[in-house]
Amino acid sequence: AQKVTQAQTEISVVEKEDVTLDCVYETRDTTYYLFWYKQPPSGELVFLIRRNSFDEQNEISGRYSWNFQKSTSSFNFTITASQVVDSAVYFCALKINNNDMRFGAGTRLTVKP
Amino acid sequence: ETGVTQTPRHLVMGMTNKKSLKCEQHLGHNAMYWYKQSAKKPLELMFVYSLEERVENNSVPSRFSPECPNSSHLFLHLHTLQPEDSALYLCASSPRLGLKAGELFFGEGSRLTVL
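Heads up: the sequence lines are chains A and X, in that order. Following our numbering, the numbering of the first sequence begins with 1 at its first residue and continues without gaps. Following our numbering, the numbering of the second sequence begins with 1001 at its first residue and continues without gaps.
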């Protein structure tokens, strides 16, 4: 079965706190891609990162960082020094074939001033 | 212009109405998608088009009818919907199909309410 689990439905933090959003995936395929998207209140999903299954190198982009661990089938996302503008719903997704991108249920992050 | 534009942004319709959702992408992409986003559920893929040909129909009820007249436009025709069809309908595009095709580019969605 191909599945993405985001166990945290909602997270609330105070500005400047660090926060980690968890993502656990299931697949029997050896070749796949993992994604994170941000959905602000306006509605559109904004692409954040793509990682293929053969590249376990962690990535940092400004305040954002991603930790990919195949051993635990996890692709976690950390926001350092969170800001109010980071408030959004964040989706983790798994792509295992041409057309099928499976999304998790999303984590709603609220950053309070 | 934004990459993927959806109209209308909000739609309220009765169960006997016929309406359509429109999606236009200005990115020169060859693949377009319809997704349904219901509250507290993962996004559900509904339809996939590549170069105006439908390549995927994920067991979607026939009351949803897609149309792709060219690679820049995608429609979702709605007829005799049920209240449980109320959701955010998201259009997306990608340069092409394929595992390595890259990320999807999404529109802002059409919020549909069926009374």
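Since the hints were derived computationally from the structure, they do not count as laboratory data. As the structure is a prediction and not an experimental result, all values here were calculated from the model. We treat Cβ as the ideally placed atom computed from N, Cα and C, and that holds for glycine. Careful, some of the hints might be misleading.
Stated by the list, open to error - To give an idea of the chain A side of the interface with chain X (calculated C-beta under 8 angstroms), a few residues: (1) Thr-31; (2) Ser-42; (3) Leu-45; (4) Lys-95; (5) Asn-97; (6) Asn-98; (7) Asn-99; (8) Asp-100; (9) Gly-104; (10) Ala-105.
For this session: Output the numbers, in ascending order, of every earlier hint that fails for this structure.
Result: none
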